[in-house]
Each structure stands twice: as C-alpha cells, then as structure tokens.
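Student: Construct the entire structure; sequences and hints are all you get.
There are 2 protein chains.
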Amino acid sequence: MGVRNFGMGFAAGVVVGGAASFLFAVKRRPEARPAGLVVAPQGKGNDTSAFRYHPALKYGAPSNHNLKFYTGFVAAFDPRTRNPVWVLEHLSSKKEWEEGVDRKNSEFYEDKDIEERFRNRLVDFRGSGYDRGHLAPAANHKDSQKAMDETFVLSNISPQVGKGFNRDYWARFEKYVRDLTKSSSAVWVITGPVWLPQKLKGGHWQMNYPMIGQPPTLVSVPTHFYKVVLAESKDKPGNCMVGAFVMPNAAIPPDTPLTRFVVPIEDLECAAGVQFFPGYISSARRNALDTAAIDWRQYGMQLAKPTGPKLLPEGDSISASSHESSPPVVDGEKPASLVKQPSKTGPGGQGAIHLCENGGCTLPAEEWWIKGPKVG
Amino acid sequence: MGVRNFGMGFAAGVVVGGAASFLFAVKRRPEARPAGLVVAPQGKGNDTSAFRYHPALKYGAPSNHNLKFYTGFVAAFDPRTRNPVWVLEHLSSKKEWEEGVDRKNSEFYEDKDIEERFRNRLVDFRGSGYDRGHLAPAANHKDSQKAMDETFVLSNISPQVGKGFNRDYWARFEKYVRDLTKSSSAVWVITGPVWLPQKLKGGHWQMNYPMIGQPPTLVSVPTHFYKVVLAESKDKPGNCMVGAFVMPNAAIPPDTPLTRFVVPIEDLECAAGVQFFPGYISSARRNALDTAAIDWRQYGMQLAKPTGPKLLPEGDSISASSHESSPPVVDGEKPASLVKQPSKTGPGGQGAIHLCENGGCTLPAEEWWIKGPKVG
Numbered sequence: 001m002g003v004r005n006f007g008m009g010f011a012a013g014v015v016v017g018g019a020a021s022f023l024f025a026v027k028r029r030p031e032a033r034p035a036g037l038v039v040a041p042q043g044k045g046n047d048t049s050a051f052r053y054h055p056a057l058k059y060g061a062p063s064n065h066n067l068k069f070y071t072g073f074v075a076a077f078d079p080r081t082r083n084p085v086w087v088l089e090h091l092s093s094k095k096e097w098e099e100g101v102d103r104k105n106s107e108f109y110e111d112k113d114i115e116e117r118f119r120n121r122l123v124d125f126r127g128s129g130y131d132r133g134h135l136a137p138a139a140n141h142k143d144s145q146k147a148m149d150e151t152f153v154l155s156n157i158s159p160q161v162g163k164g165f166n167r168d169y170w171a172r173f174e175k176y177v178r179d180l181t182k183s184s185s186a187v188w189v190i191t192g193p194v195w196l197p198q199k200l201k202g203g204h205w206q207m208n209y210p211m212i213g214q215p216p217t218l219v220s221v222p223t224h225f226y227k228v229v230l231a232e233s234k235d236k237p238g239n240c241m242v243g244a245f246v247m248p249n250a251a252i253p254p255d256t257p258l259t260r261f262v263v264p265i266e267d268l269e270c271a272a273g274v275q276f277f278p279g280y281i282s283s284a285r286r287n288a289l290d291t292a293a294i295d296w297r298q299y300g301m302q303l304a305k306p307t308g309p310k311l312l313p314e315g316d317s318i319s320a321s322s323h324e325s326s327p328p329v330v331d332g333e334k335p336a337s338l339v340k341q342p343s344k345t346g347p348g349g350q351g352a353i354h355l356c357e358n359g360g361c362t363l364p365a366e367e368w369w370i371k372g373p374k375v376g
Numbered sequence: 001m002g003v004r005n006f007g008m009g010f011a012a013g014v015v016v017g018g019a020a021s022f023l024f025a026v027k028r029r030p031e032a033r034p035a036g037l038v039v040a041p042q043g044k045g046n047d048t049s050a051f052r053y054h055p056a057l058k059y060g061a062p063s064n065h066n067l068k069f070y071t072g073f074v075a076a077f078d079p080r081t082r083n084p085v086w087v088l089e090h091l092s093s094k095k096e097w098e099e100g101v102d103r104k105n106s107e108f109y110e111d112k113d114i115e116e117r118f119r120n121r122l123v124d125f126r127g128s129g130y131d132r133g134h135l136a137p138a139a140n141h142k143d144s145q146k147a148m149d150e151t152f153v154l155s156n157i158s159p160q161v162g163k164g165f166n167r168d169y170w171a172r173f174e175k176y177v178r179d180l181t182k183s184s185s186a187v188w189v190i191t192g193p194v195w196l197p198q199k200l201k202g203g204h205w206q207m208n209y210p211m212i213g214q215p216p217t218l219v220s221v222p223t224h225f226y227k228v229v230l231a232e233s234k235d236k237p238g239n240c241m242v243g244a245f246v247m248p249n250a251a252i253p254p255d256t257p258l259t260r261f262v263v264p265i266e267d268l269e270c271a272a273g274v275q276f277f278p279g280y281i282s283s284a285r286r287n288a289l290d291t292a293a294i295d296w297r298q299y300g301m302q303l304a305k306p307t308g309p310k311l312l313p314e315g316d317s318i319s320a321s322s323h324e325s326s327p328p329v330v331d332g333e334k335p336a337s338l339v340k341q342p343s344k345t346g347p348g349g350q351g352a353i354h355l356c357e358n359g360g361c362t363l364p365a366e367e368w369w370i371k372g373p374k375v376g
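Protein chains in written order, with the UniProt record's numbering: chain X, 1 to 376; chain S, 1 to 376.
You can take every hint at face value.
List of simulated lysine-lysine pairs, BS3-like, C-alpha gap at most 27 Å:
1) Lys182(S) x Lys58(X)
2) Lys58(X) x Lys234(S)
3) Lys68(S) x Lys68(X)
4) Lys163(S) x Lys201(X)
5) Lys175(X) x Lys94(X)
6) Lys142(S) x Lys58(X)
7) Lys163(S) x Lys199(X)
8) Lys175(S) x Lys68(S)
9) Lys175(S) x Lys146(S)
10) Lys142(S) x Lys163(S)
11) Lys58(X) x Lys94(S)
12) Lys199(X) x Lys199(S)
13) Lys182(X) x Lys58(S)
Calculated directly from the structure, the hints in this document are not laboratory data.
Tutor: Written out as structure tokens, the structure is:
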C-alpha cells in the first residue's frame, strides 16, 4: 500500500458489510389514510411480496421521504431541510435537442405533490439574497420544453449564492459535465446539497448555517454543493470514469482549478449520508477511485492561488478526513511543470478510472460562449 | 374563529392537499447490486405492482434511508445526522412483563445492518460528554430480555445531555408516557431528535449545533427531542388522546410543568420534516388538537418559574411560529388558581382530544420510586 492510501485516513479502514441495507426502492402506499395496518417489508431474501406486520404501525409510519420522477431526472426531497437530498440525471449526446426550447419560456413553480408545509416555496426565496439554484441544470434538458420546464420545479432547487457561484463558477462546472457527453457514450450525474461543520478551537466540531423563509417552514441554506459524475467509456463497455466534487456555496475565484474540489467518494458519502451509484461503485472501485482522488485534490491545491479566499472552511470535515495522515500539502501556486502529475487509478478500479484522467478536469472558459483560454 | 386559532400563526393557513404524497411504505430491493435497472413506483392509483423505468436509475438510486424493525419498536435511521429520524413504539398494559428482565443484562451495540461508515458507533460517544440516550426507553420493553436488549441498539440512540435531562426530567417524561397505558387501552408514541435554529439580531435564522466523533463520520447532537403520543380511549373506540412535546437537549429544572413543553403538532411536523400518525391525524383533527395545544402551552408558560433558565432558545422557531399573533404571554409563575384553565379540544377533533385533558399532563415525582409529591 503506497503513501497515498494513507490519505484515505480513518474512513477507508472501516468499510465492512454489503451495501444491501442501504438499497431500497420506495413503494407508494395505495391508500392515503389506511383504516387498518401499514404493511412493511421483511427486508430479507428475494421475496419482496412478503410483507411484515408490526403493531406499532397501526396509525401509519411517520414517513418523511419523497421520490420524484421527471422527464430528465429523478429527485429525492427532504422535508426537513426543504432541499433536494439528491437529483440524478442521465445525459447523452444521443438525445435529440428540440429547436426553440428556451429557458425564457420556463418559470419556477412549487411542487404541488408535496404538502405546502413540507415543500420549499417561491416566497421563501424572495428577498433572501440567494438564487433559486438548479441542481439538474436547465441547459441539460433541451430535448423538449417540457423536460426543461420540469427543471424549474422547486424540488430541483436549493438556495445558492448567485454572484461568483451559481451564475459563474458553478455554471461552468455544469457546462463541463454536460460536455462530457461528447467524450463518453453517456453520463450519469448526481447533484446535491451538503452541510459541512467547522472545527472549533479545542478540536470540537460545530455545524452552522443560515435558514431562509419563515418558521416553522424554514429552508436550510447548504454550506456546500456536490456532484458525483459517472461517464461510460465510448470504447470499452463496462468501463466508467467517475469523479466527485464538493464546492462551497460561495463566490469562487474564476481561475481556481476544478481539481481543487475533487474529493474522495467515501468522504462525501459519509458527509451527505448518501451512497452513490451503488449499482457500479463497489468497495474495491471506491477504494481505487478515492486513492486517485486524493492525488488529484492535492494536485489542485498545489495549483490553486494562495491569495484567494479559503475555498473550504478551516478544518472542514471533508478536507480534514481526506488528508489525515497525508504528507503536508503546500497550498500555494506552483508552475504546473513543477507539480507532480497524479498517478493513474489502480487496477482495483476494475474498469473504473478517475474522471480527471479524462482530460484533467479542465473547466470551460469563464464566458465559454466567447472563444477564450481554458482554465486548468 | 376564536383568538386561539390565530395562535397557529402562519402555519395553519398553508395546509392544502392530501397527505398522500408523504405516505410511503419502503420496499427493499431484492438484489444488492442490480446488473440492470432499478424499479420504482409510478406513485399513482392503487396498482402498486406497476413499476416505472427511468434511465437515470441505471446505476442505482442513491438511497439514504433505512427502516428498522425490532420486537418493541420500528425505527427510521438517518445516515447523514447518524441519529434515528424517529422511533415508533406500541405500548399496552396487556403485554405481560417477564420476570427477571433487567437492563443490567443489556449492553449497547452497533447496528451491523448499517454499513459502519453510515451508522453511529460506540466510539463516537466515548468521551463526548453526552449520554447514549434511548429514544424507545428500555423500561418500556420488559416483556422479554430480547425486547429490552434491542432498545440498546445504537439505531435507537441519540446523544443526550445526561444530568438534568436524560437521567432526570426526560426519564420522568418517559415514565409519564408509560403510565398512560393504565388509563388508556393502548399507547403509540413517536420519539425523535429535532434541530431548531435560533433567531439572530436582524431577524435572520441560524442553525447551530455540535457534532461528536471524528470526520467524516460525525454524529449530530440534536438541539431538542420530541415525543408525539397517541393514547386510545378505554371507553370510546376510535377516540384518542394526542399530544406533542418538544424539550431542549439540556438540563431542565425539575419543577418545570410538562405543559410548558406542549407544542402544536403541525409546527413540530414542519420542523422535523415528519408527518405523525397519518392514519389518524387528519387536517381537521390536527387543527383542533393544535388549538388546544397552544392553550396548554400558554398555561404551562404561566405556571413556569421565571427564575429558571430559558427552556427554549430565544426566538426559537417553534415558539416563534406558534405564538405569532398570539396575545402576549407573561412568562412567570402564577398561583395555579389565577391561571386560566385551557379549553377543551373542539368538535373538529372528531373524537381526538388533547392528551393534557387526561389528567393535565402531570409528571411523576422526581424520584418516583420513592413516594413523593407530584409535579404539575
């Protein structure tokens, strides 16, 4: 095991057991208010028609989840934070884009399928100072006006800092993901909010974030946003390029390299409480990808300008964990020629390689609709 | 509409639509890592065998929920906060208690069904300064040693302040709920953690709470805990007594009346993102119960000693919302004879009455195993 593996720190050592207990498909109960008992799965074996009785469930389960299906994406909504938990898109260059589809024809709208007291609402964002930030971007869904319109449902929206983030760096990041459809046969991308705590003097961890709207229906403002990208190889069926990124919900200097935001999948999974692409990312693949991710992250940190603002808060829980036991990182700009190139994903990836091996995770130019230099 | 109805404030005005979209039964997927597609429900009509295809789901849904079945309770676990979302118990005086069942025979244990990186762990609590607080109390499950042992699974445990809370006021509250089985035919109780923000100067809301353990697998420390109690009437089938309570995760002066912690169900639902007893609590019932709850809460606040510490933080989001537009409350001790008795639950309750109408929500004595005066 090389030095890089220690960069996984504590987290890598504790993965045991299968993913089975986290893999659920949600089934809607046929009756809104059952007169009798709620059925629930036994959770063992392959016989999913077997249901289980529990006397505690007589007056229903206190459900708090919501799986939403749209033309271009699937979303899970959290009625506690009033944000999406995650939004999952399938992008393909094979999708035909309809002429005349334009976001000017779309309007933000509330998700009427969620009771008003549990959904995020238009009024929550008004005067809040935050943008209504798309998680599945409108520009990914030009195959029909309906598909684009659906990205404006508030179940796809989180409060995002506008200037320097949603309208700038984050938009370029979205464009980068969209462009991956050119170099791969298809792309799956999971986007979500995440709340990361800060380390206090004395070593304790503290969560701290604003909420918008009015009580008791406040909307949590995420401290960070993530994307986990899975791009299928054009040449080798079964091979995929995978990368995870976490950015602060804050203005980001435009010349910051995207590799600065690479994170190990496992650390992000632990922070978000979500398992990504369980149908592809096995423990072995995650391990190989995360070893590469730590390399790419350090590469990005070495390229980043030291004069910029702190991009992840001091003692941020993801950077703290992923760099535990790592060699010290000099967080300052170096000529790219002096910075050690990250190694390739190891054979443990079983066909999975880190996304940044595919062109180095190069963002499009700041104003990509005008021809200009690329940001590394 | 009486003055009391205004006490519901903003929240009551916005309830529209049915509960249907929040009522899910969770169905376990038969294969851990599907080679093919994930099935998901159409979510419409009564045909639950109809599943729906979405190309975004090729590599699985990023599941993040976990429904757990135990002898005495059902629990939902949140891998993001690493706390239970809720724990639901069914209590009955008809259950026979086995001799020799003792918590001295039980040990706390980790939930091995949850991957180690997503569960809360014994090591997270060590040296944290917090108790491993049961949500389903051990003493509710003396029908067998197995049932009691299962309450020690960490999926039933949240970090609780020990002195003055878990070992004192909260324990008496648990005893109060347990004793309800004597005056009703059966009791259902939902217990959970909740995180409430504080109001900053300038009117903005801010969430702030500590986390224990090590990143990236930190465990959130709840700011508050709740119980929602549903007790079936002995005399009138279909009639139920219902009450919701929220307490700070902090030492509580032992002479604080329990009514001080009564909250409207709806405000708690909005803050927790959970709908309680959807099989019984209709909008009409919730409205009637919550009108009574505001009365009981004000009654408790008038009885509470003004010298004690603030029991809910200044500008707490639940008290802020439930007292919006309410007549001003004098938060000071008054002789009980001078305090206006709360009104009875209105006919909109359709057989549901507020729990405090059943004996006034009187806590057992501080050391209830010794005979002593009761706390009102």
